[in-house]
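J.: Position 80, counted from 1, in the sequence shown is what the working numbering calls 80; the numbers after and before it change by one each time, with no gaps.
These are calculated hints, taken from the structure and not from any lab test.
Don't take every hint at face value.
[Unchecked claim] Mimicking DSS-like on lysine-lysine, the simulated pairs with C-alpha atoms at most 30 Å apart in a straight line are: (1) Lys2 to Lys93; (2) Lys89 to Lys100; (3) Lys102 to Lys89; (4) Lys89 to Lys2.
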Amino acid sequence: MKQVGTHLVVDAWEAPQDLLNDPEGIRRALIDAISAGEATLIDLCVHQFSPHGVTATATLAESHIAIHTWPEHGYFAADLFFCGSGQPKLAMKILQTALKAKQVRMREIDRGFEETTRVEESMVESLYHMVR
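Whole structure, please, built from the sequences with the hints as guidance.
T.: Right under this line is the structure:
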């Protein structure tokens, strides 16, 4: 597989409710995470739900970070997808520290595509001309 990026899917528990319900604190945590992850911010959207909860998405030149909080459960879910040479694990460490999650489960997925060889491409091209 030709790897083009790393995708982290994160569940985090036992975080203080006040931190998970603070849109400005989450905005700051994301900006710090983006910096630590050596990524480039394009756009940042943070939304406060009523009566509680925050959703934030950061569009990055390298892809994205998304976080969704459930303060009433001390829980947040995060999704970090970095292409290129960024450091998504460092970015996630900043989020965990800023939101003071005591438990974290992180799944790492290599993203990419199967590379074809020149022989396979030639065979496909030959077959295409044969059926025409």
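J.: Next, verify each hint and record whether it holds.
T.: Structure-based check of all given hints:
Distance hint between Lys2 and Lys93 is fulfilled; the C-alpha atoms sit about 26 Å from each other, no more than 30 Å. A distance of roughly 16 Å separates the Cα atoms of Lys89 and Lys100; the hinted pair therefore holds under the 30 Å criterion. As the CA atoms of Lys102 and Lys89 are separated by approximately 16 Å, the hinted pair is consistent with the 30 Å bound. For the given pair, Lys89 sits about 20 Å from Lys2 by alpha-carbon distance, which is consistent with the 30 Å threshold.
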